[in-house]
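Knowing the structure of chain G, use the given hints to seat chain D on it.
The residues making up each chain are set out below.
2 protein chains.
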Amino acid sequence: MKVALAQLNYIPGNIRYNTGKIITAIEEAHNYGADLVIFSELAIIGYPALDILNMQEIITECMSAVKEIATCTNEIAVIVGGPSHNTGVYGKSLHNTAFFIHEGRIKAMVNKTLLPTYDVFDENRYFEPGDTFFPVDFKGKKIALTVCEDIWEEQPCGDKGNVRLYGVTPLDELMRHNPDFIVNIAANPFSHSRIKIRESIFRENARKYHLPLISVNQVGGYTDLLFDGSSTVIDANGNVTEKLPAFEEALRVIEIPSMASGTPEENSTDVFPTIHKALVTGIRDYFNKSGIKKAVVGLSGGIDSAVVLALASEALGNDNTLAVLMPSCYSSSHSVTDAVEMTRRNNIPHHIVEIEKARLAFDGMLSPFFRERESDITEENIQARIRAVILMAFSNKFGHMVLNTSNKSEAAVGYGTLYGDMCGGLSVIGDLYKTEVYKLAAEINSTREIIPVNIINKPPSAELKPDQFDTDSLPPYEILDSILYRHIELERSAEKIIAEGFDSDVVNKVIRLVRNNEYKRRQSPPPLRVSSRAFGSGRRIPIVSKY
Amino acid sequence: MKVALAQLNYIPGNIRYNTGKIITAIEEAHNYGADLVIFSELAIIGYPALDILNMQEIITECMSAVKEIATCTNEIAVIVGGPSHNTGVYGKSLHNTAFFIHEGRIKAMVNKTLLPTYDVFDENRYFEPGDTFFPVDFKGKKIALTVCEDIWEEQPCGDKGNVRLYGVTPLDELMRHNPDFIVNIAANPFSHSRIKIRESIFRENARKYHLPLISVNQVGGYTDLLFDGSSTVIDANGNVTEKLPAFEEALRVIEIPSMASGTPEENSTDVFPTIHKALVTGIRDYFNKSGIKKAVVGLSGGIDSAVVLALASEALGNDNTLAVLMPSCYSSSHSVTDAVEMTRRNNIPHHIVEIEKARLAFDGMLSPFFRERESDITEENIQARIRAVILMAFSNKFGHMVLNTSNKSEAAVGYGTLYGDMCGGLSVIGDLYKTEVYKLAAEINSTREIIPVNIINKPPSAELKPDQFDTDSLPPYEILDSILYRHIELERSAEKIIAEGFDSDVVNKVIRLVRNNEYKRRQSPPPLRVSSRAFGSGRRIPIVSKY
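Residue numbers (my numbering), protein chains in the order written: chain G, 94 to 640; chain D, 94 to 640.
Hints are computed from structural coordinates only; laboratory data are not their basis. Take every hint as true, because none was put in to throw you off.
Same chains, same names: a pair is fine if it fits in one copy or spans any two.
Straight-line Cα separation of at most 30 Å, DSS-like style, residue types lysine-lysine; simulated pairs: (1) K336 / K234; (2) K490 / K450; (3) K450 / K558; (4) K602 / K490; (5) K114 / K589; (6) K639 / K114; (7) K114 / K602; (8) K387 / K602; (9) K370 / K336; (10) K639 / K160; (11) K289 / K370; (12) K639 / K387; (13) K301 / K95; (14) K235 / K200.
Computed from a prediction, not measured in an experiment: that's the story for all the values here.
Only chain G is shown next, with the shape it has when bound in the complex:
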């Protein structure tokens, strides 16, 4: 049997666009001689569609799309994900369904049983779980058809190890009918730690049931969530026989591996090339799917904005990227020369807008009220906010979108100005700790010096007052990031982190800063998610609380 894996990039809620893509791929797969073509989870509506799933007319449109798809299935069978109505007497109004369509008709509907409701996932909000388990018959074979989480018997859960969230194991149920192979349609988001875990889950399932497994994942950027695709075919011995590319659309026709034919597990090495690709995809898709062409970046001469500019230029083209340099009287001379050098090397247009006039204007306007007070963080924030006003003015005047340049370390401890350097439509490196930003910069520079090494080598500074360095307010980033990773990703308490040997004053200070800056993060642009725990929808803390 020839099976096509269709790894495509969808737009949430745009049923017409998604269905058009699906139908084109069906035709293509048919031309390649495939008997069956497999699309990803909820392909028709895109993942995550969130509360668009509550809009009745959109669900009606999805059902019409399934019918339209059915008209293309006289010769080829299709497995495609979409929402379907729950026809039971109770429960959420929808199921998360894998449609098996052939000969112009829906031959089977398999409803997802295990509905992830943790981290960035909210599936219990929309879907009623499936509770029947039967394979799909096709050309004398029985397909164990599953949706994403259905083949995850346990979930990796940081320090808690693997946890078992559900009382049923769909594959165990399906095995009673002796299926011939497993199909898993997925919308499995990227994180740099997840890729390896995901592949090992595929391998374990194939080995455990001694069946080949085909998993098709969606690809692309979906606001903050990135999907790498990496659709995979595994033989019955748990070896990979096919792997579709990461962060690219692809259609590949394969024969179902009947015996051991794959390669043993590769040792994934450096994650930064993948993170690089992920972030470029995230920018490109945010812009493409929103119909925005151009980006503007405030280029300070520091590493964060340089990395963001490099990624933006790669994603959108150097001509579609504008750098704005906004030096103040506190900017060092190398800030401007390094920034200009960065734009020159990469042929990126730039403007220099000195902020001194605005700074003096605010000074004059506010001094009658502030007169007796020392200069403090207020005046530093004013500079950052003047820069935001300028960037947003370029955005409003020319239609560029401002890219945010904050990193995860800053976002965590609130080392940034709300409505200042925290502005922008999308946070590009908001899920990378500062120490990771350095590694990404090295990766970006691996073939040529895109980012001048001067920018990489200087000590980090906000340059909002004379001779200011980040380490004046914060612990060195190696220590800060180690603490943050343990607290955010691994959810360790201060006590546990201190017990690991970190200084207790530093740990308590860092965690207090994380806690007290929830209000800033709530108003931040969405960060492109590359870790297992990004700020945003994956981490929900009440602003007013004490813990």
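What follows is chain D alone, placed relative to chain G:
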């Protein structure tokens, strides 16, 4: 049997504070001669605690708190809500539990069975449902103990009518054991349409099972969510015998009503006195619980900022409220005089900061780049952003929190400037449509003219260019708000709204604006929720999408 209802105001995650309050109330109830004191759902950790529930050490602290509470129960029994560990072999790590504690020991634990996961609720994210049903024995009586949603057999769901989300009805199960009365501990948030529905659910349950019902709700502001309390006792005929006050802490000792003794359903009339109380509570608790004393409001001379200032002054005291007037060359003379008159009448300190200098500075800085372009929305936004810089400067310098003054109509259609008038730590009237803001202003003025009528009577204008009125860009608010209410609260599609007789161009334009401004709302301060569908956690739309 004498029962005390303890309607208290908690802080999410602050176990020590919450437990202290609970223990004080137990002692007080004991002094009043109560046999049993009832606290609300998850009282120990506060509701909603969101991902604080994932922090293992906090859960450990909660369990210690239960033990500490137990030491106070030698003579009085306690029903109190808190998280407990799921000891099963699978599932989420916690239950949402009602603890029945007496004679120094936990005598029973009842786990919530129906876990709301819709609108602002995410309970499936944290909790495993309960699945056993037994009454609690106390002094010869059997108590049917339930947690909030457990007594909601059906959920009101806008245009879809009542829907049945769950396959089990806990009270039906409990009735097999012939209980004597029903206790429901709740964290049931306020919305102006919900109050009546909630009471009717209580009444229906009491009538259906012919049993008295006691419901205890938490009270106060919890970031965006407001809880009115309104804890209620119903007799076996479905009549109210006791009702605790809205938006106030209270401890009341009652006798369980043995027969028909209550009053028939009252017809609730005007909701605006309650909304008024709700918003004042929301401001006060945000500040109190965060340890912030003072607020600053940008006072434009229009109705929105006047209403916010009036509410802030009532919540925090006139001396703790600062009004900043920031006129530009486009401000009408009445803007300043009306605004000053408002502060004078209410004894609120104010400053006047002209923004012209900053406007000219930005003009000069940007004109080399904008030279050939007409003046447009860019220049209007710059004015709004200059005002935000000024407000935030007062905030940074003096520790005042900026209160946001946007209304729901503006937030819906994006009629506001990101990092400009959309700034602030809390959105006070962000869940009130403009037409509702007028009604609230009338309510605020019902005893004396707190807001000068001039401010209320003038046509709405952003005053960002000469002779500008809101109706230049938007339909009249009566029409706009009618369309928005149908689309946001009732989730009606454009087609349905047009079919009701609204102009199709207007409807399509309004809904397009709602859709296209998701990115602005994502970066908005949390709005105090008073309706059945507020922007924020109750409405989740992907920024990059098309529907």
